[in-house]
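Colleague: Starting from the given sequences, assemble the full structure and let the hints guide the process.
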Amino acid sequence: MYNLRIFSIIFSLLAIISTTSIISAFELETDSEDLKIIKLSEHTYQHISYLQTESWGKVACNGMIIIDDSEALIFDTPADNESSKLLFEHLISNGVKIRGIVPTHFHEDCVGGLLEFKNEEIPIYISNRTLALLEKDDQYIGYEFLTFDNELTLNIDESSVVLEYFGAGHTVDNVTAYYQKDESIFGGCLVKEVGATKGNLADADIKEWSNTVSKVKHKYPNAKVVIPGHGNAGGIELLDYTIDLFEGDRE
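Following the numbering used here, the numbering of the sequence shown begins with 1263 at its first residue and continues without gaps.
Among these hints, one or two may not hold up.
[As the list claims (entries may be wrong)] Lysine-lysine pairs mimicking BS3-like chemistry, simulated, CA-CA at most 25 angstroms apart:
1) 1460 - 1481
2) 1347 - 1298
3) 1301 - 1347
4) 1298 - 1443
5) 1398 - 1477
6) 1443 - 1359
7) 1469 - 1479
8) 1443 - 1479
9) 1481 - 1443
10) 1380 - 1298
11) 1486 - 1301
12) 1359 - 1380
13) 1479 - 1460
14) 1460 - 1320
15) 1479 - 1301
16) 1443 - 1380
17) 1469 - 1481
18) 1301 - 1398
19) 1298 - 1359
20) 1359 - 1398
21) 1347 - 1359
22) 1443 - 1460
23) 1486 - 1298
24) 1359 - 1320
25) 1380 - 1398
26) 1443 - 1398
27) 1320 - 1298
28) 1443 - 1469
29) 1477 - 1443
Hints were generated in silico from the structure; no laboratory data involved.
Modeller: Structure, rendered in structure tokens:
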């Protein structure tokens, strides 16, 4: 009888822990008019916000969130300060501490919400290439950036995210982020969703784009999750599609 009672208590505690984990994962996902968060794997989330543009209308913009042991790294800000505030408050209200924000290139869909993170004193990591482009814009005067050249490793819990510059593509400064534990890549606007057109080429190097993405695939051939800058996430097929899309533009 005593052993049965102990077993019953242990079973109840395990059930509570399991339920709490399910609720926590469910609560981190959200779907509102201005911000959506989708869980893609154990620690990898896709955040989606919306940018109003003259050429393309209202555009859904992706970022990545890595959450491990109640700590988060965010890749690309939501499209503006309002949606960035929503993201910040949503994570904080769920007990998640934000360790840093990483804009993967200098366009507005990556940096449009930086002011919110600056105001909250969240560390901002950018490449020196991105810094050089942002310095042309007076609105970023007074920002404190933590910079790197070609590669930077950010630790989160017992794993890490590798930021790396593989070459030009969508822009001359676009970097990728690879989270080892989930084998997930945030390609940002360097990577296209399957079926996408070439999109905004205003700052692109279309001759190098395919070569650059080929380098990403060569380094991470077993990636399980790939998040593009716009559109649906998937797997390694997004890299293949992007390589093929710009294959004819190679030098």
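Colleague: Each hint needs a verdict: does it hold in this structure or not?
Modeller: Going down the list of hints, with the structure as the test:
1. 1460 - 1481: holds (23 angstroms)
2. 1347 - 1298: holds (13 angstroms)
3. 1301 - 1347: holds (20 angstroms)
4. 1298 - 1443: holds (23 angstroms)
5. 1398 - 1477: violated (29 angstroms)
6. 1443 - 1359: holds (19 angstroms)
7. 1469 - 1479: At roughly 17 angstroms apart (the allowed maximum being 25 angstroms), residue 1479 and residue 1469 satisfy the hint.
8. 1443 - 1479: holds (17 angstroms)
9. 1481 - 1443: Given pair residue 1481, residue 1443 holds - Cα atoms ~15 angstroms apart, limit 25 angstroms.
10. 1380 - 1298: Given that 25 angstroms is the threshold and the Cα spacing comes to 22 angstroms, the pair holds.
11. 1486 - 1301: Distance of about 14 angstroms is within 25 angstroms: holds.
12. 1359 - 1380: holds (15 angstroms)
13. 1479 - 1460: holds (19 angstroms)
14. 1460 - 1320: Status holds; Cα separation ~17 angstroms.
15. 1479 - 1301: Roughly 23 angstroms separates the two Cα atoms, so the pair holds.
16. 1443 - 1380: violated (28 angstroms)
17. 1469 - 1481: holds (20 angstroms)
18. 1301 - 1398: violated (36 angstroms)
19. 1298 - 1359: Holds. Residue 1298 to residue 1359 sits at ~19 angstroms (cutoff 25 angstroms).
20. 1359 - 1398: violated (31 angstroms)
21. 1347 - 1359: Roughly 14 angstroms between the alpha carbons, so the hint for residue 1347 and residue 1359 holds.
22. 1443 - 1460: violated (31 angstroms)
23. 1486 - 1298: Holds, at about 21 angstroms.
24. 1359 - 1320: violated (30 angstroms)
25. 1380 - 1398: holds (18 angstroms)
26. 1443 - 1398: violated (37 angstroms)
27. 1320 - 1298: holds (15 angstroms)
28. 1443 - 1469: Roughly 33 angstroms between the alpha carbons, so the hint for residue 1443 and residue 1469 is violated.
29. 1477 - 1443: Holds - the C-alpha atoms of residue 1443 and residue 1477 are around 21 angstroms apart, at most 25 angstroms.
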